[in-house]
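Trainee: For reference, the chains in residue letters:
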Amino acid sequence: MPVHDHLAVRERGGVRPQPIFSDHGRVLRNDHVAGEYWHMELEVPNGMADAAPGQFYQMMCESRATSGPMPFLRRPMSIYHFDRQRRRLEFLYKITGLGTTALAQYRCGDLLGLVGPLGVGFRLQELWKHILIVARGVGLATLAPLAEAAHQHGIRSTVILSARSPDLLLSKDRFLKNGAAVSVIVDTDRSSDVENVERLIRGFHAAYPFDAFFTCGSNRLLKLLKTLSRELNVSGQVAIEQQMACGLGMCFCCVRPIERGGRIEQLRVCHDGPVFALEEVNSW
Amino acid sequence: MVNMAVKIGSLTLQNPIMPGSGCCSDEIDRVYDVTQLGAFVPKSIEIVPREGNPVPRVAETPQGLLNSIGLPTYGLPYFLQHQLPVYLRFGIPIVVSVSAGTAEEFASICRQVSLPGVAGIEINISCPNKEEGGRAFAMGADSTLRVVKAIREATSKPIWAKLTPNTGDIAEVAVAAEAGGADALVVANTFLGMAIDTETFRPKLGNITGGLSGPAIKPIVVRMVYQCAQAVRIPIIASGGIMNAADVVEYMAAGASAAQVGTANFLDPAVMPKILSDLRKFCQDRGFGNVTELIGRTLRLEPATTLVA
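Sequence order for the protein chains is A and B.
In this text, residue positions in the first sequence follow our numbering: the first is 1, and each later residue adds one.
In this text, residue positions in the second sequence follow our numbering: the first is 1, and each later residue adds one.
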């Protein structure tokens with residue numbers, strides 16, 4: 001894309017800044033999946049889908065309603081799946097407010113304004129052999145591209161999927177497709193109790209030690225992984241959320257207290273995250 | 001071909017489009033080549049680091065954005081060492097925005113940022129004045145005159161005074177800023193506002209009140225630019241709800257020489273190059289060879305005659 005030619009001369013220390021696109025994607029499908037969950041697939045301009053797991057896009061969710069409140073700002077949405085070659089982006093989202101309600105009204109063929117890819121995603125290390133992915137609710141969507149990337153790098157994923165009920169375990173097949181060993185835990189049979197999750201993780205780790213922990217979507221799971229990470233000496237990463245305005249690190253509205261270099265700093269979730277090291281993030 | 005260059009005092013800008021302070025950082029260069037802008041105004045800095053306000057820091061309102069970011073700053077030494085060099089490398093005029101709690105602090109920070117390569121200094125005198133119980137400097141003509149005078153003695157760089165709209169008579173404040181030695185005015189900062197969540201009855205902002213920006217405020221700021229343009233001789237840079245080129249044309253017709261785009265960058269980070277090309281096209285279509293032909297057009301017109309029914 002010509003608008004990003006200048007980034008070649010912005011290289012510092014051999015690192016070229018990642019381009020950010022502001023354009024439109026064409027909706028290929030936008031289907032209700034289960035509960036309040038919807039699944040959207042888009043075809044995007046060349047280069048826009050060149051993302052990393054854990055990154056996100058800002059969506060211009062324009063309401064079709066002729067009256068009532070309208071979303072003014074964009075809405076951040078983490079990527080469920082990206083495909084550079086086929087120029088595809090997928091999002092799995094839950095209707096929670098004005099923006100996502102408007103998003104669910106988009107139909108096949110509609111154009112959706114997108115800005116991205118944005119933020120710092122998950123990092124995988126070449127020498128790793130086995131990672132643990134623990135996710136709950138819509139956090140499952142955020143971690144699905146990580147399992148895919150791990151699979152491509154020959155890293156095995158053990159995945160614990162947590163949800164209110166079995167019908168809300170939306171991405172199980174995605175994880176299985178990427179060679180992950182998947183355990184399902186739900187509230188309805190109390191298998192999602194934190195004691196049970198801890199027992200599962202300790203068991204998996206004893207059988208085949210983890211090189212890293214990854215989580216998203218639950219404060220309880222974050223707390224548990226922070227404890228186990230310290231005790232078992234396994235590093236970890238967590239993707240977190242915060243209300244955003246610009247999504248690029250310009251407005252400073254999405255700060256969260258992050259423990260870095262021995263002190264608490266108000267860091268921007270959109271720019272310094274949304275993925276942080278487990279030990280940097282305090283549960284809330 | 002349209003000549004898009006404008007003059008802000010002694011400073012010539014290649015075009016009248018620049019970001020409003022606090023609404024863009026160097027990250028915008030990852031979206032488009034930032035060197036096509038007329039100037040760049042980074043986020044306001046203060047001498048000492050400051051964390052900013054509690055979250056939530058923004059709330060949506062109809063066609064507007066209420067914010068209480070609270071001027072978080074890494075402080076002057078960090079800015080000079082790590083941020084300013086990045087901006088200066090872009091090669092377009094960098095106008096450093098500064099904020100302070102007293103006239104003396106303002107003079108001090110302005111002296112310290114008066115460095116080679118810095119094109120000018122925007123003084124955020126819409127911020128609270130510690131010596132006047134937190135009332136913004138630019139709420140009154142006297143406090144404006146005092147602070148601008150103190151800054152004028154501290155620097156020979158062009159001074160852009162950013163005025164607050166939260167005052168009874170902005171033209172009076174504009175005159176005071178001009179008398180104090182400002183080279184240009186930025187009209188205006190955000191309107192003090194508040195929003196309440198009707199589920200919880202709590203204020204939507206962590207700081208309770210905040211500044212309103214976006215299209216909702218534009219007609220009021222157009223009026224303010226129009227009034228200030230009649231009261232002062234120094235150039236005015238308009239700032240208030242600019243979303244597109246038509247908004248820039250409106251402000252320039254009201255008397256502005258340039259325009260700052262703020263909130264619109266949050267909705268579309270690629271908005272400024274689009275405004276720039278649409279503005280050029282507007283001039284072309286209307287047969288204006290220079291964008292400066294737009295400045296103050298409305299001021300020179302006779303008032304519209306009463307419509308006959």
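Each hint should be verified, as a subset may be incorrect.
Straight-line C-alpha distance at most 30 Å; calculated DSS-like pairs for lysine-lysine [unchecked claim]:
1) A:Lys177 to A:Lys223
2) A:Lys94 to A:Lys172
3) A:Lys94 to B:Lys7
4) B:Lys204 to B:Lys7
5) A:Lys226 to A:Lys129
6) A:Lys223 to B:Lys281
In short, the hints are calculated from the structure, not lab data.
Trainee: So, for every hint listed, does it hold in this structure?
Mentor: So, going through the hints one by one against the coordinates:
As the CA atoms of A:Lys177 and A:Lys223 are separated by approximately 29 Å, the hinted pair is consistent with the 30 Å bound. Among the hinted pairs, A:Lys94 with A:Lys172 is consistent with the structure: their alpha-carbon atoms are about 17 Å apart, no more than 30 Å. Between A:Lys94 and B:Lys7, the direct Cα distance comes to roughly 51 Å. Violation of the 30 Å bound is thereby established for this hinted pair. Of the pairs offered as hints, the one joining B:Lys204 and B:Lys7 is violated, with about 41 Å between alpha carbons and a cut-off of 30 Å exceeded.
Note on A:Lys226 and A:Lys129: the hinted pairing holds, with a Cα-Cα distance of about 21 Å set against a maximum of 30 Å. Our distance criterion of 30 Å between C-alpha atoms is broken by A:Lys223 and B:Lys281, whose separation comes to about 56 Å.
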